[in-house]
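Trainee: Keeping their order, the protein sequence lines are chains A and B.
Heads up: the first sequence is residues 1 to 345, going by our numbering.
Heads up: the second sequence is residues 1 to 345, going by our numbering.
Read the hints as simulated data drawn from the structure, not as lab findings.
Keep in mind that a hint or two might mislead.
For chains that are exact copies, the list does not tell them apart, and a pair is met inside one copy or across any two.
Restricting the straight-line Cα-Cα distance to at most 25 Å, the calculated cross-link-like pairs of lysine to any residue (SDA-like) are [as the list claims (entries may be wrong)]:
1. Lys-219 with Arg-47
2. Lys-298 with Arg-318
3. Lys-219 with Arg-69
4. Lys-321 with Asp-64
5. Lys-22 with Ile-316
6. Lys-299 with Leu-171
Given the structure is predicted, the values throughout are model-derived calculations rather than measurements.
Protein chains: 2
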Amino acid sequence: MSYSDQPRGIATSGGELALIEKIRRASAARPLGRVRLGIGDDCAVLRPPPGHELLVTTDLCLEDRHFRRDWHTPESAGHRCLARGLSDLAAMGATPLAAFLSLAVPSGIDRTWLDHFFLGLRALADEARVPLAGGDTAQSPSSHVLADIVLIGSAPFGRALQRSTARPGDLLYVTGSLGGAAAELLSLQSRSASPETRSARKPSPTQPHPQLFPAPRLKVGATLLRRSLATACIDISDGLSSDLQHLCNASHLSAELHLDRLPIHPLAAGDLNAAGDLNIALHGGEDYELLFAAAPSKKIPRSIAGVRITQIGTFIHRSTKPAVTAIDRSGGRSPLTPAGWEHRI
Amino acid sequence: MSYSDQPRGIATSGGELALIEKIRRASAARPLGRVRLGIGDDCAVLRPPPGHELLVTTDLCLEDRHFRRDWHTPESAGHRCLARGLSDLAAMGATPLAAFLSLAVPSGIDRTWLDHFFLGLRALADEARVPLAGGDTAQSPSSHVLADIVLIGSAPFGRALQRSTARPGDLLYVTGSLGGAAAELLSLQSRSASPETRSARKPSPTQPHPQLFPAPRLKVGATLLRRSLATACIDISDGLSSDLQHLCNASHLSAELHLDRLPIHPLAAGDLNAAGDLNIALHGGEDYELLFAAAPSKKIPRSIAGVRITQIGTFIHRSTKPAVTAIDRSGGRSPLTPAGWEHRI
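Chain A with its partners taken away, still in its complex shape (with noise of 0.2 Å):
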């Protein structure tokens, strides 16, 4: 990188030394705490904190697979590309030092949405407190807006939350509700399809929006760490099934999963009927809440940084297939699969 060179093989375009300007100026003029040399050399310098380790997670996103422009407003799209990163921090209890954004731009953009690309970008970093430190900028070799985020965070050394340390007995906890991103993509795809509703939408990031402006649980991911409340934690990207999956595997345990207790959105529920809700509060993916476990013994408070925690399941030995068993209302039990929300982009 650095954001100071001609970028290569678009030197002649012009415009990109104005996206370069463009994030120059999200980062200039903001605390860089941590970083002690940003923009405008070969690499960016970070001194992390003494007795910290650094915690790296990368993230693409990309028009057309993450996110799109008639769906997502530009605001959502910059929201969204950082919300990766940082609930990647999240779920291993770091504290954002420095973001790096790749960005690629299809030539003749719309400088507007660039402009509010870069404005729910620096809102999120803002709220985070994390500085944008570098990067790289180039011209697309498509019509798609290209984007890769870089957070890089700290923890106290060996204390980081890892997926892998649940321990048999403990108990499930998920954060905040489940289903609302996938529900809030669905409305967005049939108000996108209805051209008369299409100009009335105009989401804001201080109304509840969990696709567009979903909320990474730095706070709740701190706390866990600082005050060893969780025995391990993952964040769900990509649906509770398949991520509780992924904590099951990583810990080698199963785990039983008590339907009637999940707390499903508000958007995802009401205008399914329950087995649609339940079936997008468990598959429906993006919602970036976190997944952990504790042990019985430790007493989680029902809200942590004002985000509600609730009880929704037990790790148990690996003694049978399948991973996760789901238990409904009336005691019945059934093999959870991980399933992918067939209405993602």
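Got chain A sorted already, so can you dock chain B onto it with the hints?
Mentor: Same frame as chain A, now just chain B:
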């Protein structure tokens, strides 16, 4: 990130799980060094050496922008992807700790191409002793292979080489030779255009191929730092004329460049006329050599780690425009304008 997750939106294609396995294999069974936790959790966890600070660089490597599948072999594309970031670390004298690869491939990509892409990347990673510690995968939204490489390195606290610290009177040096990468690109381009020569093209990393397999100058950078030889440094990714301008601007200096001292790569000399040779050496780009400043009192070896070092100019106070003055064999002076090389991809 994590490669252990079911990739979003591509769950049904199946091919990307194979891709994740390729990446896992590319990183498995290799010494992890400072990587405490690699692929398989929400973040990777790094433990930098005590007393060191962290250096971070990200570089996009997009098909048809940074490489072309009809000009570059897959081994070359993988090698070049990693080389871009390693060269940024080299420019600051850093030691590589870990690499992260975000990779999006089009559906139906030739598996052999991907295998060889990883062979190229792995070979350079092994040579540079840098583990692949994570990243992200997705299906490309277009027919292009899209990569973003993140390199994390470390350097003793406060000692990383920077661009902004050259001083008036410092001498200007360059490693290796110039223009080779652009000259080989010209040759690949013309071979690609004539079908009868395409099948004969079997470049190997052991031959000098400055375009296909550029050699990041990690050992030179580390030596400059360890022996306190350089006052400032940058890598030549955009071309000597552009990157010398970056160095001057960052250090608020001007420079005088002696054209007759430029070490022109054998591939760039001979086929062209003298003016052409000079043009490609000045503006060619992608040579990934180091350009550095050193106090005149420092004794700079003629070669470091087997790489030739050439003194090509002097830094002076910034009293006049332009930033860089070129001096020819007969003492004639002319302003040197940074320029891109027209035969870039």
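Trainee: Could you work out which of the previously given hints the structure breaks and list their numbers from low to high?
Mentor: 3, 4, 5
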